[in-house]
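Engineer: Add chain B to chain A, keeping to what the hints say.
Top to bottom, those sequences are chains A and B. Going by numbering that gives the first Met the number 0, the residue at position 242 of the first sequence is 241; the numbering climbs one at a time, nothing skipped. Going by numbering that gives the first Met the number 0, the residue at position 68 of the second sequence is 67; the numbering climbs one at a time, nothing skipped.
Just so you know, the hints here were simulated from the structure itself, not pulled from any lab data. If you're wondering where the values come from, they're calculated on a predicted model, not measured in any experiment. We put the beta carbon where it would ideally sit given N, CA and C, even for glycine. Hints may contain errors.
[Claimed, not checked] Derived contacts from chain A toward chain B, CB cut-off under 8 Å, selection only:
{"hint": "1", "residue": "141"}
{"hint": "2", "residue": "249"}
{"hint": "3", "residue": "284"}
{"hint": "4", "residue": "287"}
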Amino acid sequence: MTRTASTAPPPVPAAEPGPTGKQPSRHRARSGASWRDRPLRKITPWLFLLAPLALLITFTYVPVGNMIYYSFTDWDGVSPTRNYVGTENYTEIFTRPELFRVFAVSFYYLAASVVQIVIALYFAAVLSFDLRFRNLFKGILFFPYLINGVAIGFVFLYFFQDGGTLDSVLSWFGADTDHAWLGSPESANTSMAGVSVWRFTGLNFVLFLGAIQSIPGELYEAAQLDGASRWKQFRHIIAPSIRPVLSLSVILAISGSLSVFEIPYIMTGGATETSTFVIQTVKFAFQFNKTGLASACAVVLLAIILVITWIQRRLVPDEKVDLV
Amino acid sequence: MTLTAPTRRAQEQTRRPRVSTALTYLSLVVASLVVLLPLAVVFLTSLKSYGEISDGQGALALPDDWLNFSNYATAFNDGHMLQAFGNTAFILLFSITGTVIIGSMTAYAIDRFDFRFKKLVMALFLIATLVPAVTTQVATFQVVNSFGLFNTRWAPILLYMGTDIVAIYIFLQFIRGIPKSLDEAARLDGANSFTIYRKIIFPLLKPAIATVVIIKGITTYNDFYIPFLYMPAEDLGTMSTALFRFKGPFGAHWENISAGAVLVIVPTLVVFLFLQRYIYNGFAQGATK
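For reference, chain A alone in the conformation it holds in the complex:
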């Protein structure tokens, strides 16, 4: 409806926002009366919000509502009829241990996130100092985050393959392994958690680096004059200033490891006990046509994530929650 906006040539040079006092409009001055008109003024913001709100409600709130409704039915996703079954789906989730066990897989990814955050912190601290090839290292560390997930999946399928990259590297060091990296549940989950570290460390790293670099340089100078070691500088200057980003990373790590999907789905399809809760839900919904049960699973996951977010907001009150 407002496509014209994107094509209109900008009449005002994009100056830095500042009180430059430009007179932007060349329109002849009409009276401002129409604007002061109450009804028009009232509906104007709604005209702007019409499309955004329609999309938001259609694709976020209606699905959430429907999902809760489906979760109390035995619907298969296709047939016109669905029966109300009460809390049967939920009972099934909580009483069939094999349905809930997939959450155990999340612990691999949670452990991976801890490793990931520690590595990211280390490199952010190191690269906040002036080093040779700093930008090159920064680019290399960040790049994996930008790569397509399917491509990453295939790169690492080959990496872990029998006689693939990892085996070849290990044989350089004399370790001749015949280990099927994706063969046993434990090894497969560990390997894929490793892939997740490889993929996501870059984002944490750039976030931490940005936070560290926003610390004014005088603070370090003052600390150095006082004879503070690098470790002390890290503890007393760097650590406090990255706390908001750190807490954000922790919450992303937790909700991320609960909703892992791409890497295991692409690499193993959820075989050898690498299935995650989301993979299981997707299979219920789109392979076994158990929309009711899948919806219940999704509601449970949503509830868990909301609770965790709520706890985090309580523990670390209003950092960065500055919408208003």
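Structural biologist: Coordinates of chain B only, in the frame set by chain A:
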């Protein structure tokens, strides 16, 4: 932010840092190798022939012919990469344009107007960020399906457009920095709200638009879940799903699969090399909202 040691301690400090500097560089080099090795090997593999791969030389052996691009031809043709590229470009064009317009309109309305239920509207957007999209697809699928959009390129376009709250935050933060006196001056000149949005706010948002375009572009290009779910038709592959499907028939032909993966990675690499600075800032802003 150079950390030159203060002079009075300069002497005793020169020796110790040398060791620690060496260790620092060592850790950086090791990390770089860990990042680059898997990618480099896939690149090497993509230049090999099937014979070279299966003769047991190991994955790190160099290809015999550095100019053997036949695997790329196979991946490009049999993987329907051109079609995938077209579909991805189509989706990117519409979803990015839509996100920019919708996001900036929302931010404009929220920041520049006082209206009833404003708090409620903001809460709606805020709460939506907490709902992970992966969980709701079970029901979103039914909504999309009921619109008859299943297996069309409009399904992902609408979903990408409708759920991008990060973009709204980025615009909102930026719009706050645009002085309201500009609006008021224009209003005195008789401009209406839409004109103000179109001729003053929108052009001034350029840096924020650049950020949103980059983040949105890269995440859309990389997304697998949504096109996989909503566009199973053979001719509707995107870069992600086309690569995913390509592996099926070429199961053990790692030289072909590697070439396919490289084809998907190269555009990202090119964009990254050209837009590095914007990308770092963009993702940092996007993640912290």
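Engineer: Does residue 141 of chain A pass the interface hint, meaning its C-beta sits closer than 8 Å to a C-beta of chain B?
Structural biologist: At 7 Å from the nearest chain B Cβ, residue 141 of chain A passes the 8 Å test, so the hint holds.
Engineer: Hint residue 249 of chain A vs chain B: min CB-CB distance below 8 Å?
Structural biologist: 13 Å, violated
Engineer: Against chain B, run the beta carbon of residue 284 of chain A and see if the smallest gap drops under 8 Å.
Structural biologist: With a minimum Cβ separation of about 5 Å from chain B (threshold 8 Å), the hint on residue 284 of chain A holds.
Engineer: Would you settle whether the hint for residue 287 of chain A is holds or violated, based on the nearest Cβ-Cβ distance to chain B being less than 8 Å?
Structural biologist: 12 Å, violated
In the structure shown, a violation is registered for the earlier hints numbered 2, 4, in ascending order.
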